[in-house]
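Asker: Given chain A, work out where chain B should sit, using these hints.
One line per chain: the protein sequences are A and B, in this order. When we follow the numbering used here, the leftmost residue of the first sequence carries the number 1, and every step to the right adds one. When we follow the numbering used here, the leftmost residue of the second sequence carries the number 1, and every step to the right adds one.
The set of hints was computed from the structure by calculation and includes no laboratory data. Any given hint could be a false lead.
Think about it this way: if two alpha-carbon atoms lie no more than 25 angstroms apart in a straight line, the pair counts; the simulated BS3-like pairs of lysine-lysine are [said to hold, decoys possible]:
{"id": "1", "chain 1": "A", "residue 1": "Lys-177", "chain 2": "B", "residue 2": "Lys-142"}
{"id": "2", "chain 1": "A", "residue 1": "Lys-83", "chain 2": "B", "residue 2": "Lys-142"}
{"id": "3", "chain 1": "B", "residue 1": "Lys-142", "chain 2": "A", "residue 2": "Lys-80"}
{"id": "4", "chain 1": "B", "residue 1": "Lys-148", "chain 2": "A", "residue 2": "Lys-80"}
{"id": "5", "chain 1": "A", "residue 1": "Lys-83", "chain 2": "B", "residue 2": "Lys-148"}
{"id": "6", "chain 1": "A", "residue 1": "Lys-73", "chain 2": "B", "residue 2": "Lys-101"}
{"id": "7", "chain 1": "B", "residue 1": "Lys-117", "chain 2": "B", "residue 2": "Lys-142"}
{"id": "8", "chain 1": "A", "residue 1": "Lys-123", "chain 2": "A", "residue 2": "Lys-83"}
{"id": "9", "chain 1": "A", "residue 1": "Lys-80", "chain 2": "B", "residue 2": "Lys-135"}
{"id": "10", "chain 1": "B", "residue 1": "Lys-109", "chain 2": "A", "residue 2": "Lys-83"}
{"id": "11", "chain 1": "A", "residue 1": "Lys-83", "chain 2": "B", "residue 2": "Lys-117"}
{"id": "12", "chain 1": "B", "residue 1": "Lys-101", "chain 2": "A", "residue 2": "Lys-83"}
{"id": "13", "chain 1": "A", "residue 1": "Lys-83", "chain 2": "B", "residue 2": "Lys-135"}
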Amino acid sequence: MMKLDRRSVIAVAVSVSVLGGCSRSSSPPVDQSKAAVPGTASSPAQAQPVNEDAKALAGFLDRVNQYVALHMKLENTLPKLSKESTPQQVDSHQRQFAKLIQDARKDAKQGDIFTPESQAVVKKLISRIFSGPDGASLKASIMDENPGVPNLKVNARYPDEIPVSTIPPQLLQGLPKLPEEMEYRFVGNNLILMDTHAHIIADYVPNTFRQ
Amino acid sequence: MLKRSSVAFVVVVLFFLHHPSVVRTKSTAIQAQPAAAGLPLTMPNKADSLRFAVLGDFGTGSKEQYELATEMKRVHDQFPFELVTLVGDNLYGSERPQDFKQKFEDPYKPLMDAGVKFYASLGNHDDPQEQRNYKLFNMDGKRYYTFKPDTKQSVRFFVLESSYLEPQQVAWFEQQLKDSNSDWKIPYFHHPPYSSGERHGSDPQIRNALEPLFLKYNVSVVFTGHDHFYERTKPQQGIVYFVAGSGGQLRKGNIDKSTGLTAAGNDQDQAFLIAEINGDQMWFNAISRQGKVFDTGTITRRK
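Chain A extracted, bound-state conformation (with noise of 0.2 angstroms):
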């Protein structure tokens, strides 16, 4: 039986809500307050879907807390930046940063932390976004100098080469709230998701959208 904390179902309502309807990209911010409890959707029709996601999403929250942990290990046994850090500095923290992760998860694979319940609940929730007024234009927003890259691979820093992607407030406001430690990118189409620290890709969702 999965533990769930309680910060993955707060977050994992607010996701849920989103999902359940709220395709309009000039909607408000999702009041977290007011948002759907996983389990208390108003039909029994409705109620099982709902569950069923919510439970995807608090699984892949759970795992992102436990990378997060491993990572906050690792990291607290390199020396601290400090305000005066120079580029050097930054740099090879980063390079050995990404060392450590990399050899603590070398047998990491795509869909360890998305498995394939919660890759799919991701592209449900990406598919009614883009399926709204503003998703022409929210495509573009994302695929705006972004060529994608021939082989991603998990536990690779994210390539120098290419900018980052932008992530929609829409899309953002809809997606799971990561730590502080951890965002969504897009690299082509793909649904990654990086270690900002350490400048390496956690994991990813393939193919989250037609092209």
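Answerer: Positioned in the frame of chain A, the structure of chain B alone reads:
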């Protein structure tokens, strides 16, 4: 007759009361000419003003970036701006330690030696982890932040990360705007809510998320980059948007003249902007790499 005059007077007064910002400007066609010894700046250059520059999309390490940096120093000799707001894409390509030197420290060393501080925002070409911890960008380890320059003028800058505008950042921004009692609240970031760029153009997602806050909290000017040219828009609901995205990069001929947005633009040469705030007025000059002052004007803040 008297009645008609009164009506006209009331109309004029209402215009000034309700038109959010009044812009008086002059712009000229761009000719690539060698710079004269003294630049024909049109700034009041008052001792108690806040003087600053705006620069974006610059970190290429190219000859053009260095030449524009030289021009900035020449302007600084005449108009000693205290700080430079960086609207993103601060380093292109790799961000190894030597890149910080070649693409930032070397070209702007004369300005930094003169005491000028740079305050960076992050563009889509910028690695947040490397740059927010880079001392000379004055980000204090943060991806978005606010600062009040050391000046007698009532000004606060709000620096956003527009490629990752998560709800927490928008909520933070609103709270900061709400808490600020500065007369001038000036946001800057990378992606332009309004732009005539054929390559990128206006970003409707950013606009939808931020424009209501700009309007609610009486923002008068917004500085952005991303499109590789200079553009000043006609006031959009009273707010003037600047695109200053040719600090090193340049996309020649990229301003789409059919948008109807452009009040002034330059897509023929690298450029930067200088501004001066004193009281309710902001004066600005846009200057090209060739030393041409091609756009000038004054903006009265919204109240």
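Asker: For A:Lys-83 and B:Lys-142, compute the direct alpha-carbon distance and say whether it is at most 25 angstroms.
Answerer: holds (11 angstroms)
Asker: Within a Cα-Cα threshold of 25 angstroms, do B:Lys-142 and A:Lys-80 meet the stated pairing?
Answerer: OK: B:Lys-142 and A:Lys-80 at ~16 angstroms, within 25 angstroms.
Asker: Holds or violated: A:Lys-177 and B:Lys-142, Cα atoms, limit 25 angstroms.
Answerer: holds (18 angstroms)
Asker: Assess, step by step, whether the Cα of A:Lys-123 is no farther than 25 angstroms from the Cα of A:Lys-83, and give holds or violated.
Answerer: violated (40 angstroms)
Asker: Does B:Lys-101 sit within 25 angstroms of A:Lys-73, going by the straight-line distance between their CA atoms?
Answerer: Not OK: A:Lys-73 and B:Lys-101 at ~32 angstroms, beyond 25 angstroms, violated.
Asker: Straight-line Cα separation of B:Lys-109 and A:Lys-83 no greater than 25 angstroms?
Answerer: holds (20 angstroms)
Asker: Mind checking the alpha carbons of A:Lys-80 and B:Lys-135 for me, to see if they're no more than 25 angstroms apart?
Answerer: holds (15 angstroms)
Asker: Next pair to validate is B:Lys-101 with A:Lys-83; report whether the Cα-Cα distance is within 25 angstroms.
Answerer: Holds - the C-alpha atoms of A:Lys-83 and B:Lys-101 are around 18 angstroms apart, at most 25 angstroms.
Asker: Quickly compare the C-alpha distance for B:Lys-117 and B:Lys-142 to 25 angstroms and report which way the hint goes.
Answerer: holds (17 angstroms)
Asker: Quick one, are A:Lys-83 and B:Lys-117 close enough, alpha carbons at most 25 angstroms?
Answerer: OK: A:Lys-83 and B:Lys-117 at ~16 angstroms, within 25 angstroms.
Asker: What's the verdict on B:Lys-148 and A:Lys-80, does the C-alpha distance respect the 25 angstroms limit or exceed it?
Answerer: At roughly 28 angstroms apart (the allowed maximum being 25 angstroms), A:Lys-80 and B:Lys-148 break the hint.
Asker: Quickly compare the C-alpha distance for A:Lys-83 and B:Lys-148 to 25 angstroms and report which way the hint goes.
Answerer: Roughly 19 angstroms between the alpha carbons, so the hint for A:Lys-83 and B:Lys-148 holds.
Of the numbered hints listed earlier, those contradicted by the structure are 4, 6 and 8.
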